[in-house]
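Asks: With the hints as extra help, turn the sequences into a complete structure.
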Amino acid sequence: GAVVSQHPSRVICKSGTSVKIECRSLDFQATTMFWYRQFPKQSLMLMATSNEGSKATYEQGVEKDKFLINHASLTLSTLTVTSAHPEDSSFYICSARTGGSGTEAFFGQGTRLTVV
Amino acid sequence: SQQGEEDPQALSIQEGENATMNCSYKTSINNLQWYRQNSGRGLVHLILIRSNEREKHSGRLRVTLDTSKKSSSLLITASRAADTASYFCATGGGATNKLIFGTGTLLAVQP
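Protein chains in written order, with this note's numbering: chain A, 1 to 116; chain B, 1 to 111.
Calculated directly from the structure, the hints in this document are not laboratory data.
Fair warning: there could be bad hints in the mix.
Just some of the chain A residues that point at chain B, by a computed CB distance under 8 Å [as the list claims (entries may be wrong)]:
id, residue
1, 34
2, 43
3, 44
4, 46
5, 104
6, 105
7, 107
8, 108
9, 109
10, 110
11, 112
12, 114
13, 116
Take a look, some chain A residues computed to stay more than 12 Å from chain B by CB distance [stated by the list, open to error]:
id, residue
14, 68
15, 70
16, 80
In the DSSO-like style, the derived pairs of lysine-lysine whose C-alpha atoms are separated by at most 27 Å in a straight line are [unchecked claim]:
id, chain 1, residue 1, chain 2, residue 2
17, A, 66, B, 98
18, A, 41, B, 70
19, B, 98, A, 64
20, A, 66, A, 41
21, A, 41, B, 26
22, A, 55, B, 70
Ideal Cβ positions, reconstructed from N, Cα and C, are used throughout, including at glycine.
Replies: Set out below in structure tokens:
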């Protein structure tokens, strides 16, 4: 199947700093990627839909100035957590599809963010 | 946003037994997918069933879909200890292509 690579897998940062997470589709082009957040023992909550060449679409309640998403190319989307606080500590996962809504989504390995 | 609810939230069975997980959702869908997640890892796609399909098989997996009841079930037959993981249903559809996940079932298969 298609491969989505997410980096870094783990990051620890200090409060007030910003952290960038990369999501790459390695063997296919993804016009749309999705960013999810997952708290321990909970499900994945969709944060935003990342569209290549245009602004991301954020879900209700997600601060777009806090979670900056850039989809600069057909194979790369980035999520930047700005001015991180301990409550931003979470597991962040990206996914991408090879086609429309009727196709399988491929997921990155996830990034464990810890803000101290 | 979360669309689906799954039950049970947690399921513990013995190796060799069958495991059944259920998913209910709220709005119209084009398809429903099941995913598996090992602790602290990314998700692995298991199976996709379209809204005009009622049942689908893949190896030891059997998925049913009842659009009139807005529900789906995942059956894992002859379970193995390696099947221990969290299982999520996800619904897809609409112009936005979004995949919305259910609450998940944590399956523990005891050797």
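Asks: Each hint: holds or not?
Replies: Results of checking the hints against the structure:
1. Contact between residue 34 of chain A and chain B, as hinted, is supported at the beta carbon level, the nearest pair being about 7 Å apart and thus within 8 Å.
2. Interface restraint check for residue 43 of chain A: the shortest CB-CB distance to chain B comes to about 5 Å, inside 8 Å, so the restraint holds.
3. Restraint check, residue 44 of chain A versus chain B: the minimum CB separation of about 5 Å is within 8 Å; hint holds.
4. Of the supplied interface hints, the one on residue 46 of chain A holds, with its beta-carbon coming within about 6 Å of a beta-carbon of chain B, less than 8 Å.
5. Using the Cβ-Cβ criterion of 8 Å, the hint placing residue 104 of chain A at the interface with chain B is satisfied: the shortest such distance is roughly 5 Å.
6. The beta carbon of residue 105 of chain A is positioned within 8 Å of a beta carbon in chain B (closest approach about 5 Å), and the interface hint is therefore held.
7. The closest approach between the C-beta of residue 107 of chain A and any C-beta of chain B is roughly 4 Å, which is under the 8 Å cut-off, so the hint is satisfied.
8. Taking 8 Å as the C-beta contact cut-off toward chain B, the hint placing residue 108 of chain A at the interface holds, the least distance being around 6 Å.
9. Taking 8 Å as the C-beta cut-off, the interface hint given for residue 109 of chain A holds, the closest approach to chain B being about 4 Å.
10. Because the beta carbon of residue 110 of chain A sits about 5 Å from the nearest beta carbon in chain B, less than 8 Å, this interface hint is met.
11. This hint holds: residue 112 of chain A has a C-beta 7 Å from the nearest C-beta of chain B, less than the 8 Å allowed.
12. Violation of the interface hint for residue 114 of chain A is found here, the shortest Cβ-Cβ separation to chain B being roughly 13 Å, above the 8 Å cut-off.
13. Interface hint at residue 116 of chain A: violated, since its Cβ lies 19 Å from the closest Cβ of chain B, which is beyond the 8 Å cut-off.
14. The beta carbon of residue 68 of chain A sits about 20 Å from the closest Cβ of chain B, which is more than 12 Å, so the claim that it is off the interface holds.
15. No beta-carbon of chain B comes within 12 Å of the beta-carbon of residue 70 of chain A; the shortest separation is about 19 Å.
16. At roughly 20 Å, the least C-beta separation between residue 80 of chain A and chain B is larger than 12 Å, which holds for a residue marked as non-interface.
17. Our distance criterion of 27 Å between C-alpha atoms is met by residue 66 of chain A and residue 98 of chain B, whose separation comes to about 21 Å.
18. Distance hint between residue 41 of chain A and residue 70 of chain B is fulfilled; the C-alpha atoms sit about 25 Å from each other, no more than 27 Å.
19. Simply put, residue 98 of chain B and residue 64 of chain A have alpha-carbon atoms about 18 Å apart, close enough for the 27 Å limit, and the pair holds.
20. Between the alpha carbons of residue 66 of chain A and residue 41 of chain A the distance comes to roughly 24 Å, so the proposed pair stays at or under 27 Å and holds.
21. Distance restraint check for residue 41 of chain A and residue 26 of chain B: the Cα-Cα separation of roughly 22 Å lies within the 27 Å cut-off, and the hinted pair is therefore satisfied.
22. A distance of roughly 33 Å separates the Cα atoms of residue 55 of chain A and residue 70 of chain B; the hinted pair therefore is violated under the 27 Å criterion.
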